[in-house]
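Turn these sequences into a full structure, and let the hints guide you.
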Amino acid sequence: MKRKIRSVRTWGPGLLLVSPSIVLIGFFVYGLIGWSANISTTNQNSRFERAAGTDPNAHIGFANYAHLFSSPDFIQSLKHLGILAVIYIAGALFFGMLWALLLEKGVRAEGLFRTVYLFPMAVSMFASGVVWNWLLNSDTGAGASGLNQLFEMMGLGFLKNHWWVSSPTWGIAAIALPAIWQLSGYIMALFLAGFRGIPSELREAARIDGASEYKLYRYVLFPQLSPIALSALIILGHMSLKMFDIIMAISGEKNVYTSVPMVTMWTLTGQQDFARAAAVAMILLVLVALLVVPYLVHNARQEKNT
Amino acid sequence: MTTDVIPAPAPSELHRKVVKTPRAKVARGVKYALLIFFLLVVLIPAYVLIVTSFKSFGEALSPNRWALPHGLSLEGWSAAWTELSPALGRTLLIAIPGAAISSMLGAMNGFVLSRWRFPGANVIFTLMLFGMFIPYQAVMVPLLEFLPMTGLQPGVPQLLAVHVVYGIPICTLIFRNYYQTIIPKELIESGKVDGAGLIRTFRSLVLPLSVPGFVVTMIWQFTSIWNDYLFAVFLSSKDNGPVILGLANLAGSQIVPYPEVFAGALLVTAPTLLVYIVLGRWFVGGLMAGAVKS
Numbered sequence: 081m082k083r084k085i086r087s088v089r090t091w092g093p094g095l096l097l098v099s100p101s102i103v104l105i106g107f108f109v110y111g112l113i114g115w116s117a118n119i120s121t122t123n124q125n126s127r128f129e130r131a132a133g134t135d136p137n138a139h140i141g142f143a144n145y146a147h148l149f150s151s152p153d154f155i156q157s158l159k160h161l162g163i164l165a166v167i168y169i170a171g172a173l174f175f176g177m178l179w180a181l182l183l184e185k186g187v188r189a190e191g192l193f194r195t196v197y198l199f200p201m202a203v204s205m206f207a208s209g210v211v212w213n214w215l216l217n218s219d220t221g222a223g224a225s226g227l228n229q230l231f232e233m234m235g236l237g238f239l240k241n242h243w244w245v246s247s248p249t250w251g252i253a254a255i256a257l258p259a260i261w262q263l264s265g266y267i268m269a270l271f272l273a274g275f276r277g278i279p280s281e282l283r284e285a286a287r288i289d290g291a292s293e294y295k296l297y298r299y300v301l302f303p304q305l306s307p308i309a310l311s312a313l314i315i316l317g318h319m320s321l322k323m324f325d326i327i328m329a330i331s332g333e334k335n336v337y338t339s340v341p342m343v344t345m346w347t348l349t350g351q352q353d354f355a356r357a358a359a360v361a362m363i364l365l366v367l368v369a370l371l372v373v374p375y376l377v378h379n380a381r382q383e384k385n386t
Numbered sequence: 004m005t006t007d008v009i010p011a012p013a014p015s016e017l018h019r020k021v022v023k024t025p026r027a028k029v030a031r032g033v034k035y036a037l038l039i040f041f042l043l044v045v046l047i048p049a050y051v052l053i054v055t056s057f058k059s060f061g062e063a064l065s066p067n068r069w070a071l072p073h074g075l076s077l078e079g080w081s082a083a084w085t086e087l088s089p090a091l092g093r094t095l096l097i098a099i100p101g102a103a104i105s106s107m108l109g110a111m112n113g114f115v116l117s118r119w120r121f122p123g124a125n126v127i128f129t130l131m132l133f134g135m136f137i138p139y140q141a142v143m144v145p146l147l148e149f150l151p152m153t154g155l156q157p158g159v160p161q162l163l164a165v166h167v168v169y170g171i172p173i174c175t176l177i178f179r180n181y182y183q184t185i186i187p188k189e190l191i192e193s194g195k196v197d198g199a200g201l202i203r204t205f206r207s208l209v210l211p212l213s214v215p216g217f218v219v220t221m222i223w224q225f226t227s228i229w230n231d232y233l234f235a236v237f238l239s240s241k242d243n244g245p246v247i248l249g250l251a252n253l254a255g256s257q258i259v260p261y262p263e264v265f266a267g268a269l270l271v272t273a274p275t276l277l278v279y280i281v282l283g284r285w286f287v288g289g290l291m292a293g294a295v296k297s
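If you read the protein sequences in the order shown, they are chains A and B. Every number in the numbering used here is 80 more than the matching position in the first sequence, counting from 1. Every number in the numbering used here is 3 more than the matching position in the second sequence, counting from 1.
FYI, nobody ran anything at the bench for these hints, they're computed from the structure. Be aware that a few hints might be false.
[Claimed, not checked] With a cut-off of at most 25 angstroms between alpha-carbon atoms, the simulated DSS-like pairs for lysine-lysine come out as follows:
#1 188(B) <-> 384(A)
#2 159(A) <-> 322(A)
#3 23(B) <-> 185(A)
#4 322(A) <-> 334(A)
#5 334(A) <-> 159(A)
#6 241(B) <-> 334(A)
From a predicted model like this one, the values you see are computed outputs, not experimental measurements.
Right, dumping it as structure tokens:
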């Protein structure tokens with residue numbers, strides 16, 4: 081008993097020092113998520129949809145979720161989200177890895193290349209969306225501007241397209257372009273640090289054994305990078321689910337071509353349809369949690385083992 | 004974080020004797036060609052922004068949108084400045100104290116969670132980290148209801164509070180990783196044996212070693228608060244919120260005056276870009292820490 085008291089005296093102050101943050105995170109993250117979940121099961125819909133005289137705080141179970149999942153617009157926005165996420169993740173991983181591969185053995189002016197490739201990360205997504213709105217101008221005719229005009233000038237007219245207004249289902253893929261532009265440098269930095277962290281003895285040993293460059297990468301270097309690839313995947317995955325600023329800047333809200341749940345949530349909030357806005361947010365939270373929670377648990381376990 | 008975040012290539016790689024076969028020379032040429040090609044592609048949006056911002060309103064509508072401006076017109080810049088400058092001060096008032104307060108909280112948490120642990124510290128840490136990944140929309144509707152109840156005014160005070168709170172997880176993560184690498188466990192333990200209390204240890208031993216950690220978290224938080232659009236658009240308006248909403252307002256007009264909007268976008272981007280160029284190494288440090296594993 082006495083020992084226990086003494087040990088509380090040692091760690092107690094530590095807990096006390098962290099307690100303000102525990103309270104803040106406890107309330108602002110977990111408390112408000114609970115509050116959101118609660119709102120999402122109430123009748124707090126827009127004035128127009130709520131029958132006169134009904135109590136906005138009455139609980140109506142999962143009716144808001146049922147409403148969303150039976151709405152073709154919401155299903156479409158989920159499809160958009162899937163397409164956007166896949167293209168964005170694949171694109172950023174591809175360019176990130178390619179740039180890291182080009183740089184990893186050391187090139188002249190490496191600092192310059194690195195700085196330029198990474199600079200979009202320092203730019204606000206909304207501000208870059210403003211430029212991409214100009215670049216992705218959908219006009220392909222004689223008055224084409226933006227990238228379409230650039231293609232025309234470079235003799236690459238066949239590349240001209242209507243970008244995000246080209247198809248109600250697949251147009252969203254164009255939105256992945258600015259997102260890839262923004263994030264590839266970050267992924268490059270992660271992989272580059274990974275390559276450089278591999279002890280050079282490993283390479284030398286493989287070369288002495290007569291491994292070709294291809295085999296060196298395939299069997300020696302890439303396997304070393306798998307923890308980084310996992311981190312990159314999680315980062316890109318959760319960012320793709322949360323994409324909001326870029327879409328608001330490029331195509332704006334209420335645009336059927338680029339609807340995603342996060343933008344729908346903003347529109348619903350504007351219409352004071354708080355219950356459904358919260359429901360959309362909860363659906364996204366579940367998606368993000370499915371991705372992130374196993375990763376966090378995995379990390380926590382791994383740390384315990386070391 | 005005391006050395007370069009991305010290490011240089013191993014000397015053995017740099018000075019490896021590669022036989023200069025014609026094939027190797029071609030490979031080298033292709034490598035540099037690709038590097039330069041991607042460099043130019045990445046810079047396209049920057050070119051468009053800068054070039055268009057110096058055109059007159061009329062010239063921006065001339066058929067060749069990619070051409071260099073005939074002369075340097077400051078029409079767009081002066082219009083953007085008039086429109087956005089009042090919000091720049093407000094944005095600094097949110098971003099600087101916001102970054103400082105969450106960094107301080109992060110340092111305290113990071114120290115305790117790495118070197119002065121209590122039972123359950125790991126669980127608390129993982130629960131905190133989750134707060135960094137959530138889509139903030141999941142807390143937004145209740146926030147809209149709760150924040151007015153706190154008596155905080157809409158605009159700067161509310162946004163400052165929100166950014167401080169949601170900045171805690173990343174700052175905690177960065178400091179925890181940092182202290183784990185620079186402060187030996189034994190040092191703290193021997194201090195404990197000598198009867199050094201938590202506060203004294205933190206203040207006289209840990210804080211003096213924390214400057215690099217603070218630089219990284221300050222830059223990270225400043226950049227993300229400055230660039231935030233989500234909290235800004237939900238919780239404030241153009242007249243009491245950060246500069247990004249002023250830009251959104253310019254970009255949202257019926258006929259977009261591109262020189263003005265692009266000059267505005269450059270104005271909004273300038274502070275974070277300046278931080279990136281001047282303190283790039285530390286900026287990358289934050290990015291790496293954001294990947295959870297140190």
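Which of the numbered hints are not met once you compare them with the structure shown?
-> none
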